[in-house]
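Enquirer: Listed below, chain by chain, are the residues.
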Amino acid sequence: NAGVTQTPKFRVLKTGQSMTLLCAQDMNHEYMYWYRQDPGMGLRLIHYSVGEGTTAKGEVPDGYNVSRLKKQNFLLGLESAAPSQTSVYFCAISAGVRTQYFGPGTRLLVL
Amino acid sequence: KNEVEQSPQNLTAQEGEFITINCSYSVGISALHWLQQHPGGGIVSLFMLSSGKKKHGRLIATINIQEKHSSLHITASHPRDSAVYICAVRSSSIISSGSARQLTFGSGTQLTVLP
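Residue numbers (the numbering used here), protein chains in the order written: chain A, 1 to 111; chain B, 1 to 115.
Misleading hints may appear alongside valid ones.
DSBU-like mimics (lysine-lysine), calculated; alpha carbons at most 35 Å apart, straight line [to be verified]: (1) B:K53 with A:K57; (2) A:K57 with A:K9; (3) A:K71 with A:K57; (4) A:K14 with A:K57; (5) B:K55 with A:K71; (6) A:K71 with B:K54; (7) B:K68 with B:K55; (8) A:K57 with A:K70; (9) A:K9 with B:K55; (10) A:K57 with B:K68; (11) A:K71 with A:K9; (12) B:K54 with A:K57; (13) A:K70 with A:K14.
Read the hints as simulated data drawn from the structure, not as lab findings.
Just so we're clear, the structure is a prediction, and the values are computed from it rather than from any experiment.
Make a model of the complete structure from these sequences and hints.
Expert: Right under this line is the structure:
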C-alpha cells in the first residue's frame, strides 16, 4: 500500500447524506481507480482516471461522482448515500496498464 | 457466467502442503494478475503475466492462453500465507479502449493454512 492513502478509513452515514472519499498518491502514476468490494463478489470498478482532469465510468458508476483536479488526488463523491452503497472502497493507481497499487480501503456503512 | 471464475472458493491446508488455486476466464486477455488480500484488508499485487510462468519465492504463477486458464501455486505453505487470493484479467478487446484499461476480478479464494 506504499504511496497510496485513503481518507477516511471508516465512516457511518445516514441515508441521503453526502460525503467525499479522498485518494492521494505520491508515486506520480497517471492512472487512478475507485473500486468497491462487497461480500462474495469481486472488486468492481466504479470510476477511473487516466490523467489529471480526465475521468471515465467503470462497471458500477451510478450514484457516484469523481474528480481529478490534481494528478495526485482522486476524489469519490456520494451525493445522496443509500444503504446499497455500504461497502469497502479501494483506491488503486498504476503506471499505464500495469501493476496496480492499492490503498488500505475505506469502510462505509450507510444506515 | 462470470468472466473470471476461481476455484476453490475456500481452501484449508496443513502447513507445508503444496497449494494450487485456479483461475479460468472467458474473454481474450492481454494480461492476468494475481493479488493477495491480507486478513486486515490490504491488497497487494503478486504477479502480472501474459504468458508462461513467473516465480517469486515460494509463489509460482502459470498461464495457458489457449486454455484460458491460470494457476497460482504455493510451495511449502505457511500460516502466514493465509489470505484471500484474487485473480484479475485485462481484456484484449480493441472494440473499446476503455475496457483495455480495466481489470475484471474473480471473487477470490480464501486460503487458510493451519500450523
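Enquirer: For each hint, tell me whether it holds in the structure or not.
Expert: Taking the hints in turn, this is what the structure says about them:
no. : hint             : result
1   : B:K53 with A:K57 : holds (33 Å)
2   : A:K57 with A:K9  : holds (24 Å)
3   : A:K71 with A:K57 : holds (18 Å)
4   : A:K14 with A:K57 : holds (25 Å)
5   : B:K55 with A:K71 : holds (34 Å)
6   : A:K71 with B:K54 : holds (32 Å)
7   : B:K68 with B:K55 : holds (20 Å)
8   : A:K57 with A:K70 : holds (18 Å)
9   : A:K9 with B:K55  : holds (34 Å)
10  : A:K57 with B:K68 : holds (27 Å)
11  : A:K71 with A:K9  : holds (22 Å)
12  : B:K54 with A:K57 : holds (32 Å)
13  : A:K70 with A:K14 : holds (30 Å)
When the structure is compared with the earlier hints, no violation turns up for any of them.
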